[in-house]
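Dock chains B and C against chain A, hints included.
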Amino acid sequence: MNRLKVLFHVNEPERWKIVLVNARNFINDVGQGRADVEIVANGAGVTAYAGDAAIIEEMKVLHSQGVVFAACRNALKMHALEESSLPGFVLAVSAGITEIAQKQSEGYSYIKP
Amino acid sequence: MNRLKVLFHVNEPERWKIVLVNARNFINDVGQGRADVEIVANGAGVTAYAGDAAIIEEMKVLHSQGVVFAACRNALKMHALEESSLPGFVLAVSAGITEIAQKQSEGYSYIKP
Amino acid sequence: MNRLKVLFHVNEPERWKIVLVNARNFINDVGQGRADVEIVANGAGVTAYAGDAAIIEEMKVLHSQGVVFAACRNALKMHALEESSLPGFVLAVSAGITEIAQKQSEGYSYIKP
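Residue numbers (this note's numbering), protein chains in the order written: chain A, 24 to 136; chain B, 24 to 136; chain C, 24 to 136.
One chain only, chain A, in its complex shape (with noise of 0.2 Å):
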């Protein structure tokens, strides 16, 4: 089995839950360090990164494993979000659909819980 490239697509806050339970599951299942997975949040899913703190502190985990944390900065702008006020694991992209139009370019597979 080839390295296994993933994106998660998250554009609803109450989506968040769900999207950590599967990139935390999928990492178990094929094993730490053994794929490549990204999380881009645009739309109302970007406010999470300044919301609850036990999702932050899950996330933090995921990050520590490699895992990717970007941010849609149309969206940000849209809920008032200042980029220096988001943890410091997330990274602001130009464009969310931009950010998953390219890495699905790049061979990740696309999934949206």
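Bear in mind the hints are in silico, worked out from the structure with no lab data behind them.
Heads up, some of the hints might be wrong.
As the list makes no split between identical chains, a pair holds if one copy fits it or if it spans any two.
No more than 25 Å apart at the CA atoms, straight line, and that leaves these computed lysine to any residue pairs for SDA-like [as the list claims (entries may be wrong)]:
#, residue 1, residue 2
1, Lys100, Asn51
2, Lys100, Glu129
3, Lys100, Val44
4, Lys40, Gly54
5, Lys83, Ser128
6, Lys100, Leu114
7, Lys40, Val116
8, Lys40, Asn25
9, Lys100, Gln55
10, Lys83, Ile41
Chains B and C only, in chain A's frame:
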């Protein structure tokens, strides 16, 4: 960066607003004419083509920028919509799922807002 | 047109009806035996495999036409469903996300109805 190709899938009428915002932000980010964008509606998603004039106006603007708008014929039939009654820019396809699969096989990235 | 390969992702029980309609319309459009179709259920989506008999009957018909039905073992455990209690046509996979990623890496198009 290679030319990006993006396909948006809409199967619920209430998702159109976010799809149109996503498509506009994407085009603004990469530059008009610099990417291929198609929006495929099936299920109840097709009803927007015979719905709110403000939404159709936004579709027209995107269409003038090269965005392709497709409608699944099975869905049109199920919602008693005549192809001839749809805006001229709408492309009817025999089955939305076939269109989505075909485009992905041609290198389009799939996005479900 | 190359042989199309399509993977449907279901993580909510109420989405099964639309998934089955989509799969049926797709097969009718391209012709039976002319495409590879797999439906992967994870999260609460797996409960349908132990649910409504009419839905399971529809799955059986599609299975007889070559459609593969997969269930995530993590999700089965979380919903206290024994593999041995599922219909015989259901294929249990170690993790739904791994299956989805693997299939996409093999050229399957992803669709989330």
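In rising order, the numbers of the hints this structure does not comply with: 2, 5 and 8
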